[in-house]
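A.B. asks: I would like the entire structure built from these sequences, with the hints used as guidance.
Below are the chains, spelled out letter by letter.
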Amino acid sequence: MRAELVLVALGLVAVSGVPGLLFGRSSPVGERVAAFLLILGSVLGLLVALGAMAEPVSLARAWPVPGGELAVRVDGLAALFLVPLFVVAPLGSIYGLEYWPQRDHADDGRKLRLFYGLQAAGIGLLLVAANAVLFLVGWETMALAAFFCITTEDRDEAVRQSGYVYLVATRIGTLLIFAMFAVLHAASGTWSFAAPATAIAPSAATAVFVLALLGFGIKAGLMPLHVWLPGAHANAPSHVSALMSGVLIKTGIYGIARVCSFFDHPPVGWGVALLVAGAVSGVLGVAFAVGQHDLKRLLAYHSVENIGIITMGLGVAVVGRAVGSAPLVALGLAGALLHVWNHALFKALLFLSAGSVLHATGTREMDQLGGLAKRMPRTAFAFLLGAVAICGLPPLNGFVSELFVYLGLFHMFGSDRTWVMGAIGAPALALIGALALACFAKAHGAVFLGQGRSSRVARAHDPGAAMLGPMALLGLACMFIGFAPAVVSPVLESATAAWAPEVAAVVGPLEALAPLHILSVTGVALLALAGVAAALIVRSSRRAPIASALTWDCGYAAPSPRMQYTASSFAQTLVTFFSWALRPDVHRGAPGGLFPPPATFHTHVPDTVLDRAVLPLSRGGARALGWFRWVQHGNVHLYIVYMLAAIVVLVLVSR
Amino acid sequence: MLERLLHLAAQLAITLVFPPLLVGLITKTKAVIAGRIGPPVLQPYYDLVKLARKGSVFSTTTTWIFRASPVVGIATAFLASLLIPLGGHEAPISFTGDLVLFAYLFGLARFFTVSAALDTGSAFEGMGGAREATFSCLAEPALFLGLLVLVKRSGALSLATMLGAAVPGTWLSSGAALVLVVASLFVVLLAENCRVPFDDPNTHLELTMIHEVMVLDHSGPALGMIFYGAALKLFVLGAIVIGIVVPVRTGSYALDLGLFVAGMLLLSVVIGIVESVMARLRLRQVPSLLVGACLLSAFAILLASR
Numbered sequence: 001m002r003a004e005l006v007l008v009a010l011g012l013v014a015v016s017g018v019p020g021l022l023f024g025r026s027s028p029v030g031e032r033v034a035a036f037l038l039i040l041g042s043v044l045g046l047l048v049a050l051g052a053m054a055e056p057v058s059l060a061r062a063w064p065v066p067g068g069e070l071a072v073r074v075d076g077l078a079a080l081f082l083v084p085l086f087v088v089a090p091l092g093s094i095y096g097l098e099y100w101p102q103r104d105h106a107d108d109g110r111k112l113r114l115f116y117g118l119q120a121a122g123i124g125l126l127l128v129a130a131n132a133v134l135f136l137v138g139w140e141t142m143a144l145a146a147f148f149c150i151t152t153e154d155r156d157e158a159v160r161q162s163g164y165v166y167l168v169a170t171r172i173g174t175l176l177i178f179a180m181f182a183v184l185h186a187a188s189g190t191w192s193f194a195a196p197a198t199a200i201a202p203s204a205a206t207a208v209f210v211l212a213l214l215g216f217g218i219k220a221g222l223m224p225l226h227v228w229l230p231g232a233h234a235n236a237p238s239h240v241s242a243l244m245s246g247v248l249i250k251t252g253i254y255g256i257a258r259v260c261s262f263f264d265h266p267p268v269g270w271g272v273a274l275l276v277a278g279a280v281s282g283v284l285g286v287a288f289a290v291g292q293h294d295l296k297r298l299l300a301y302h303s304v305e306n307i308g309i310i311t312m313g314l315g316v317a318v319v320g321r322a323v324g325s326a327p328l329v330a331l332g333l334a335g336a337l338l339h340v341w342n343h344a345l346f347k348a349l350l351f352l353s354a355g356s357v358l359h360a361t362g363t364r365e366m367d368q369l370g371g372l373a374k375r376m377p378r379t380a381f382a383f384l385l386g387a388v389a390i391c392g393l394p395p396l397n398g399f400v401s402e403l404f405v406y407l408g409l410f411h412m413f414g415s416d417r418t419w420v421m422g423a424i425g426a427p428a429l430a431l432i433g434a435l436a437l438a439c440f441a442k443a444h445g446a447v448f449l450g451q452g453r454s455s456r457v458a459r460a461h462d463p464g465a466a467m468l469g470p471m472a473l474l475g476l477a478c479m480f481i482g483f484a485p486a487v488v489s490p491v492l493e494s495a496t497a498a499w500a501p502e503v504a505a506v507v508g509p510l511e512a513l514a515p516l517h518i519l520s521v522t523g524v525a526l527l528a529l530a531g532v533a534a535a536l537i538v539r540s541s542r543r544a545p546i547a548s549a550l551t552w553d554c555g556y557a558a559p560s561p562r563m564q565y566t567a568s569s570f571a572q573t574l575v576t577f578f579s580w581a582l583r584p585d586v587h588r589g590a591p592g593g594l595f596p597p598p599a600t601f602h603t604h605v606p607d608t609v610l611d612r613a614v615l616p617l618s619r620g621g622a623r624a625l626g627w628f629r630w631v632q633h634g635n636v637h638l639y640i641v642y643m644l645a646a647i648v649v650l651v652l653v654s655r
Numbered sequence: 656m657l658e659r660l661l662h663l664a665a666q667l668a669i670t671l672v673f674p675p676l677l678v679g680l681i682t683k684t685k686a687v688i689a690g691r692i693g694p695p696v697l698q699p700y701y702d703l704v705k706l707a708r709k710g711s712v713f714s715t716t717t718t719w720i721f722r723a724s725p726v727v728g729i730a731t732a733f734l735a736s737l738l739i740p741l742g743g744h745e746a747p748i749s750f751t752g753d754l755v756l757f758a759y760l761f762g763l764a765r766f767f768t769v770s771a772a773l774d775t776g777s778a779f780e781g782m783g784g785a786r787e788a789t790f791s792c793l794a795e796p797a798l799f800l801g802l803l804v805l806v807k808r809s810g811a812l813s814l815a816t817m818l819g820a821a822v823p824g825t826w827l828s829s830g831a832a833l834v835l836v837v838a839s840l841f842v843v844l845l846a847e848n849c850r851v852p853f854d855d856p857n858t859h860l861e862l863t864m865i866h867e868v869m870v871l872d873h874s875g876p877a878l879g880m881i882f883y884g885a886a887l888k889l890f891v892l893g894a895i896v897i898g899i900v901v902p903v904r905t906g907s908y909a910l911d912l913g914l915f916v917a918g919m920l921l922l923s924v925v926i927g928i929v930e931s932v933m934a935r936l937r938l939r940q941v942p943s944l945l946v947g948a949c950l951l952s953a954f955a956i957l958l959a960s961r
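Just so you know, the sequences run in chain order B and Y. Going by my numbering, the letters in the first sequence line up with residues 1 to 655, in that order. Going by my numbering, the letters in the second sequence line up with residues 656 to 961, in that order.
Keep in mind the hints are simulated off the structure, nothing from the lab. Mixed in with the good hints, there may be bad ones.
Claimed, not checked - Covered stretches of chain Y (in silico footprint by chain B; criterion: 3 or more residues with CB under 8 Å from a CB of chain B, positions within the stretch not fixed): (1) 725-735; (2) 747-758; (3) 806-816; (4) 830-842.
Claimed, not checked - Partial list, derived from the structure: chain B residues whose beta carbon lies under 10 Å from chain Y: (5) 406; (6) 514; (7) 528; (8) 572; (9) 574.
As the list claims (entries may be wrong) - Pairwise CB distance ranges, derived in the manner of DEER restraints: (10) B:374 to Y:827: 56 to 62 Å; (11) Y:946 to B:611: 26 to 32 Å; (12) B:58 to Y:946: 51 to 57 Å.
For every residue, glycine included, the Cβ atom is placed at its ideal position computed from N, Cα and C.
C.D. replies: Structure (structure tokens):
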């Protein structure tokens, strides 16, 4: 019964945008109905997911599709990934009521809501699927709906460009995943996820793993497969960015985790590959983020970084399973999966805050902003919470999951077989943390602190309740997990039981491996100490005069906003450190001659992989394939003939 | 139970009262080597009392972040001090993985200090903030690499054990590795506390500085709190170095604590000597020194894991 409920929930989410199509271009009824249906479906789905953590629910019906079976199974792992979906998707739709109202977006509002619901439902379907064909149906629904969400403002050239890059990337990813399932089916003889794939030959298993890492890695945004991610996240409406960054890219992680769980004894090399991919993604992701001056692109690169941290945790768990170390599996998986939740919460919070800045000022350029903390104090506080959380700083939630990953890496370092990975992984994670701190100090400082750098800031103000409410809820969730991490340990234990049943029996409660209760104590102690210090300052300030003055600029009497340190200057030294990877574009117009013209300086960090590798290669490929252009003539009925011919050939070949 | 309470009281008392003395002693050492009399060793205490009574000036550009930063700085440093076993005995708070909390608490303080600097809208303070954030990207891995060696040799994941009873045995089993770790952690200590050769706490030429330039706009009690927080940070990071360098564990709490205090005083003198015989590095050379610290620790890891 509960398995049917989750399908009902997903159905409600999927059709949430449909009623809006029946209403007029400027009618507000459709958007309210959509938000209502999404919330209803999400609450229902959330209930099933929370229940499934205690006891998995499943359902199997015949389905007349070759290889298909309507097999649904919500175990601890799937339930864990469903929760952020059913939290972020409805909050995003509430946010959208004010951020993308139908009356201001008569052209594209209905389209956006239709595909927003479909995208969320697709994600849900692939998470609950226990059959490869059903999984792919969900996967494609999600992937294609996301394309239409990204290209909501398709009049804009930049938006179309990012949409095309995303579309190509997601097609390649899907192709690889098809190939992976085909290899898996050829080796195990089943499309079902239920049977463990123990009898698979090592060569086929390796092929499955490599295809999964590449195919799912494209969706997750692992460096250097992340090429679609920055543009897509930056150009989509902010609540769509929140859903994509918070939930959609995690389906890639889910795919890798699910496929790895099929194998009881994975080779150590898989874990090492995941660790290396995660560390590269983490360090380079945050390095690219440091170089950005577009607020949403910066956040997008942080998704690459956080996916890296999650993948490192997953790598620790796979190594643990390979060498038979239960604590490694428990700690690595707990770190990875809790970071899936945490990243969904704080990244959604950050994208929604960035959205309200964009809404209020009309720009994402950090060097045009500044001083917004005075104009939009609530948004500024929300962004600050998200920034502290994403840097992994105590006492918020990011710290808890990074602590798990650290503990896993320390355990690796303690063992003679795996110490090298620990010795490289732990400092890499420390480097990622310090770089993220630099990046968010820069982003928060440039946007919210100091003085406004342009006239756009002057009229900005906090948004209304529909936008602030979801942000407040996400911020509270970040604080809750940070201060009471012990609450989530049953969730992580049930996911571990689903991923590696033999480990869960050995390892016992998570509390024995990691000090969750003490983190509540230290969190409260930190607040109490800060309270005492604040009280001391207030008391001693009461006796003495307090004056206001201009900022001290070494005697210069008229400091102007243009004299502030910009986001680009803040990042400059770090960008130079990483210039071997970032390859920043620098254009200098130095003054010269007897009557020097005004000096100019312009710097920009492009996406090295996309702009210097993928696009040039694609252009070369397009030239080479120009010989076949006669096939493309625009006659649709002839295209259908091609398809028919292709299917006939395939049927003949597969005989 | 009573004994534990007494130990806790002793640790709190030392942590609260002792740190400014370290700063005073460093200044005195530098003065003596330069042939001056210098301010009294207790001068930092007088300064704190004076600042606590002063009025404050706040820039009109600033927000609550600017006022919160000294508070966060002092709260995080104090909480971090509770994770350290003074004299190698038990720490007030100790758990598996507390070394991560230790490092990340300083991260939280750094986030707020840098944000407060950007909050003033001053180019100087922004520059200081950028440098602080940049150099810590190299200091942080060095700190973790150093701590990893202790993790390896002691087999424990809490500072109380790593710096406690396990230290004498570690010196016997892999002394060479520990020498490298101490060197690396000493460099991190100098960098994190903005001492020469990374930064000069005495100059007031803003362009040459990191930490001092970030707090240019603070005044009155808040500035006092920043000074005290800086001294506390020096004390806490110094306590880690001294925890390794003074491996004598007599078993008597009072004696061990006395040794620890003597070690900390010696550390201040050493820092004073370093500051007297070295000049500040050029800014471009700072990363090389920090990378050097990382490499020292990496060698130590190789030595310890062989």
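A.B. asks: Would you mind marking each hint as holding or not holding in the structure?
C.D. replies: We went through each hint and held it up to the structure:
Look at the segment 725-735 of chain Y against chain B: 8 of its residues bring a Cβ nearer than 8 Å to a Cβ of that chain, three or more, so the hint holds. Residue count for the segment 747-758 of chain Y with a Cβ under 8 Å from a Cβ of chain B: 8. That meets the three needed, and the coverage hint holds. Residues of the segment 806-816 of chain Y lying with their CB closer than 8 Å to a CB of chain B number 4, which satisfies the three-residue condition for coverage. With a cut-off of 8 Å between beta carbons, the segment 830-842 of chain Y has 0 residues touching chain B; three or more are needed, and the interface restraint is violated.
For residue 406 of chain B, the interface hint holds, the least distance from its beta-carbon to any beta-carbon of chain Y being 5 Å, beneath 10 Å. About 7 Å separates the beta-carbon of residue 514 of chain B from the nearest beta-carbon of chain Y, less than 10 Å, and the hint is met. A hinted interface residue such as residue 528 of chain B counts as satisfied when its beta carbon comes closer than 10 Å to some beta carbon of chain Y; here the least separation is about 8 Å, so the hint holds. A hinted interface residue such as residue 572 of chain B counts as satisfied when its beta carbon comes closer than 10 Å to some beta carbon of chain Y; here the least separation is about 8 Å, so the hint holds.
With a cut of 10 Å, the hint placing residue 574 of chain B at the interface with chain Y holds, because the nearest CB-to-CB distance is about 5 Å. Checked against the given bound of 56 to 62 Å, the beta carbons of residue 374 of chain B and residue 827 of chain Y, roughly 60 Å apart, stay inside it. Remark: the range hint 26 to 32 Å for residue 946 of chain Y to residue 611 of chain B is upheld by a beta-carbon distance near 29 Å. Checked against the hint of 51 to 57 Å, the pair residue 58 of chain B and residue 946 of chain Y passes, with Cβ atoms roughly 54 Å apart.
Of the hints listed earlier, the one the structure fails to meet is number 4.
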